[in-house]
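Visitor: As a plain string of letters, each chain reads:
Protein chains: 2
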Amino acid sequence: MSQTFTRLLGIDPGLRFTGFGVIDVHQHTMRYVASGVIKVAGEGLPERLRSLIDGIHQVVDTYAPQESVIEKVFVNVNPQSTLLLGQARGAAISALVLKDLPVHEYTALQLKKAVVGHGKAKKEQVQEMVARLLSLPANPQADAADALAAAICHAQNRVQIALLSQNGALGGLSKKGMRIKNGRLVSL
Amino acid sequence: MSQTFTRLLGIDPGLRFTGFGVIDVHQHTMRYVASGVIKVAGEGLPERLRSLIDGIHQVVDTYAPQESVIEKVFVNVNPQSTLLLGQARGAAISALVLKDLPVHEYTALQLKKAVVGHGKAKKEQVQEMVARLLSLPANPQADAADALAAAICHAQNRVQIALLSQNGALGGLSKKGMRIKNGRLVSL
Numbered sequence: 000m001s002q003t004f005t006r007l008l009g010i011d012p013g014l015r016f017t018g019f020g021v022i023d024v025h026q027h028t029m030r031y032v033a034s035g036v037i038k039v040a041g042e043g044l045p046e047r048l049r050s051l052i053d054g055i056h057q058v059v060d061t062y063a064p065q066e067s068v069i070e071k072v073f074v075n076v077n078p079q080s081t082l083l084l085g086q087a088r089g090a091a092i093s094a095l096v097l098k099d100l101p102v103h104e105y106t107a108l109q110l111k112k113a114v115v116g117h118g119k120a121k122k123e124q125v126q127e128m129v130a131r132l133l134s135l136p137a138n139p140q141a142d143a144a145d146a147l148a149a150a151i152c153h154a155q156n157r158v159q160i161a162l163l164s165q166n167g168a169l170g171g172l173s174k175k176g177m178r179i180k181n182g183r184l185v186s187l
Numbered sequence: 000m001s002q003t004f005t006r007l008l009g010i011d012p013g014l015r016f017t018g019f020g021v022i023d024v025h026q027h028t029m030r031y032v033a034s035g036v037i038k039v040a041g042e043g044l045p046e047r048l049r050s051l052i053d054g055i056h057q058v059v060d061t062y063a064p065q066e067s068v069i070e071k072v073f074v075n076v077n078p079q080s081t082l083l084l085g086q087a088r089g090a091a092i093s094a095l096v097l098k099d100l101p102v103h104e105y106t107a108l109q110l111k112k113a114v115v116g117h118g119k120a121k122k123e124q125v126q127e128m129v130a131r132l133l134s135l136p137a138n139p140q141a142d143a144a145d146a147l148a149a150a151i152c153h154a155q156n157r158v159q160i161a162l163l164s165q166n167g168a169l170g171g172l173s174k175k176g177m178r179i180k181n182g183r184l185v186s187l
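Note that the protein sequences, when read in sequence, are chains A and B. For the first sequence, numbering that gives the first Met the number 0 assigns the number 0 to the initial residue and increments by one for each residue that follows. For the second sequence, numbering that gives the first Met the number 0 assigns the number 0 to the initial residue and increments by one for each residue that follows.
Warning: the hint list may mix true and false statements.
[Stated by the list, open to error] Straight-line alpha carbon distances no greater than 16 angstroms define the calculated EDC-like cross-link-like pairs of lysine to aspartate or glutamate that follow:
no., chain 1, residue 1, chain 2, residue 2
1, B, LYS71, A, GLU46
2, B, LYS98, A, GLU46
3, B, LYS98, A, ASP53
4, B, LYS98, B, GLU127
Hints in this document: simulated from the structure, not taken from any laboratory.
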C-alpha cells in the first residue's frame, strides 16, 4: 500500500451483529480492503459488550486502520431498543478510542446520500451502491454494507465532494443524486 | 486489608459526571474505602467516552477492586437522554470488563431498597443512608452516593439478605423498611 493511502474503518454497531468495513482512500480513489460481521457472543450485557470490543480490536489489529467512522444514531421508536443500541454504540466507540483511532460520526442521512445520492435509500440500495462504488463481485451483507457506507461517506468528506466531478473512481455516484451547484458536481 | 475482604467498585455512569464508590466487604461487615466523581471532559462524544473510560481505569488502577457494580438503567422520558445515558453506560461497562472485572447489575429499585428499605427513596435519602451505613462523617455527593449504593446493594446480595438480622454492621437498615418474613428479617 502506498504511504499516501489512508485506511478507514467503518463500524455499524449492534448488540447481536456489528458490521465492519475497511477501505483505503487516496484523493479520488477508494480501494476495498475487507468487510464482515462480528457476531457478538455472550449472555449478559457486560459479556456481550466485551465480545463486541474484542471483535473490533481484532479487526483493528488485523487491518491497522488510521481513522474510524461510525453512524450517528437517533432515537428509535422503541425506547428499549434505543437504550440497547446506545450501549452497543458506546462500547464500539470505546473500542475505537482505546486504539487511539480518531472517530468520525455521520448521520444515516449523510451515509445514504453519500452512497446512493439521496437520504431515503433502502438497505438493498445501499448494499448495491456500496458494491458498485467498490467494484465488489457481489453485494455485501447488510451490516457490512452499512459499515462500508460509513467509510465511503467519510472518504468523500475528506477529499471534498467537489473532487467527485473530476474522477471516474466514484463515477457510479454521478448517475444518481448528484447535481451541479455553482459549476461543480455535488451530492444532493 | 485482610485477604478475606472483597473490594467492590460501584459506578454511576453519566456523560458529564460519573460517580464511583469503593467499599470492602466481608460477610456482615462493610468498610468504606473511597468515593468521588469523575468529571467527564472533552468536546465530542468519542472524546468524552475516552475521558470516562480513562477516569474509571484510573480508579480501578488506584483501588484494585475485585468486582464491580453498575445500575441497570431504564428508558427515560426523554429518548435523547436515554440514548446518551446508554452510550455512557456502554462505555463504563466496557471500561470495567476491559479490566477483567465481573460486572453486576442492579435496578434503581433494588439499590434504593438495599440502602433505604423501599424503592421510592429520594436522592437525599440515598445519600443519608449511604453515609449512615458506611459511617461517613458527611453525606457523599449524589453521584458518588449512587455508586456507593450500588456497591452496598451487591454487598448485601453477596452475603444473603438474611444475614442482616444477625449483625449490627448493617443495623441502620433495621430501623426502616425491613420486615420479618418467615421468621427472618428481610428488606422490603
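Visitor: Which numbered hints turn out to be false for this structure?
Guide: Violated hint: only 4; rest satisfied.
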